Structures are given as C-alpha cells and as structure tokens.
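Going by the numbering used here, 13 is the number at position 13 of the sequence shown; the sequence numbering is gapless.
Calculated from the structure, these hints are not laboratory results.
Careful: at least some of the hints might be erroneous.
[As the list claims (entries may be wrong)] In silico PhoX-like cross-links for lysine-lysine, where the CA-CA straight-line distance does not exceed 20 Å:
| id | residue 1 | residue 2 |
| --- | --- | --- |
| 1 | K55 | K38 |
| 2 | K55 | K34 |
| 3 | K56 | K38 |
| 4 | K56 | K91 |
[What the hints assert, rightly or not] The calculated label-pair distances, taken between Cβ atoms and stated as ranges, are:
| id | residue 1 | residue 2 | range |
| --- | --- | --- | --- |
| 5 | S52 | V8 | 33 to 43 Å |
| 6 | G49 | T73 | 16 to 26 Å |
| 7 | R44 | V86 | 36 to 46 Å |
| 8 | I11 | P63 | 38 to 48 Å |
| 9 | L12 | P63 | 44 to 54 Å |
| 10 | I89 | D42 | 16 to 26 Å |
No experiment lies behind these values; they were computed from the predicted model shown.
The C-beta atom is built at its ideal place from N, Cα and C for all residues, glycine as well.
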Amino acid sequence: MQLLGVPVRAILVGLIGGGFAVILNMLALVMIGKINQKLPEDQRVGYFGWSSRIKKQYRALYPESRWLLAVRTCEILMFASFALLVWIIFKG
1 MQLLGVPVRA ILVGLIGGGF AVILNMLALV MIGKINQKLP EDQRVGYFGW
51 SSRIKKQYRA LYPESRWLLA VRTCEILMFA SFALLVWIIF KG
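Go ahead and model the full structure; you've got the sequences and the hints to work with.
Dropping the structure here:
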C-alpha cells in the first residue's frame, strides 16, 4: 500500500524515527538544564549545540542518574529507525 507514492511502512518508520529524535532533544535540554543548575554562571553550558562534553559533565555531576541510558537508547533507536527507513525506500 502506498500513500502519495511512498510506502505506508516507510512513512510510519520515518515518524517513529522522528519521534525518537524529538524525545532525544527533550532529554538533552533537560540534561543541560540540570548541568546549569550546578555550575556557576560563568561556566554554564549553552542550549544550542550538542557534544560529548555535555554527556561527560552530566555523568560527573549525576553519576547515579539513568538519563544517560535513556539518551543512549533513544540515539540507537533513532538511528536504527532511519537506517530501516533508508532500507525500505531503496529496497522497494
């Protein structure tokens, strides 16, 4: 079945991958906010841009938190969804 020339399963997988991307962005914003609560004003992290430095700072400030596991899970699921989307598009 196709919708506007695109397989419906490709649309669904794209929406799922996009959903994981949105969740990942929200988790990152929460992490940056929590980091900024503990840092002095001159060392705070900006909300634009993403780097492994943010993950390292968060892990150092909150070693027992499960947010990093949630971030890693969303990253893997997002990339897997988009890889599946590419496979569906080029297969069919």
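> For the pair I11 and P63, does the Cβ-Cβ distance stay inside 38 to 48 Å?
Replying inline: Hint holds: Cβ distance 41 Å, inside 38 to 48 Å.
>> So if I understand the rule, the pair passes when the alpha-carbon distance is 20 Å or less; does K56 with K91 pass?
In response: Cα-Cα ~39 Å, so violated.
> Does the alpha-carbon distance linking K55 and K38 stay inside the 20 Å limit?
Replying inline: Holds: K55 and K38 sit about 15 Å apart, inside 20 Å.
> Okay, L12 versus P63 on CB: inside 44 to 54 Å?
Replying inline: violated (38 Å)
> Per the hint of 16 to 26 Å, is the separation of the Cβ atoms of I89 and D42 within bounds?
Replying inline: For D42 against I89, whose Cβ atoms are near 48 Å apart, the range 16 to 26 Å is violated.
>> 16 to 26 Å was suggested as the range; check whether the CB atoms of G49 and T73 agree with it.
In response: holds (22 Å)
> Are the Cα positions of K56 and K38 separated by 20 Å at most?
Replying inline: The given pair, whose Cα atoms are some 14 Å apart, holds under the 20 Å limit.
> Do R44 and V86 keep their Cβ atoms within the hinted range of 36 to 46 Å?
Replying inline: Once the Cβ atoms are compared, 38 Å apart, the range 36 to 46 Å for V86 and R44 holds.
> Between S52 and V8, does the C-beta distance stay in 33 to 43 Å?
Replying inline: holds (37 Å)
> Keeping to a limit of 20 Å between CA atoms, is the pair of K55 and K34 held or broken?
Replying inline: This hinted pair holds, its Cα atoms lying about 12 Å apart.
Comparing the model with each numbered hint stated earlier shows that hints 4, 9 and 10 do not hold.
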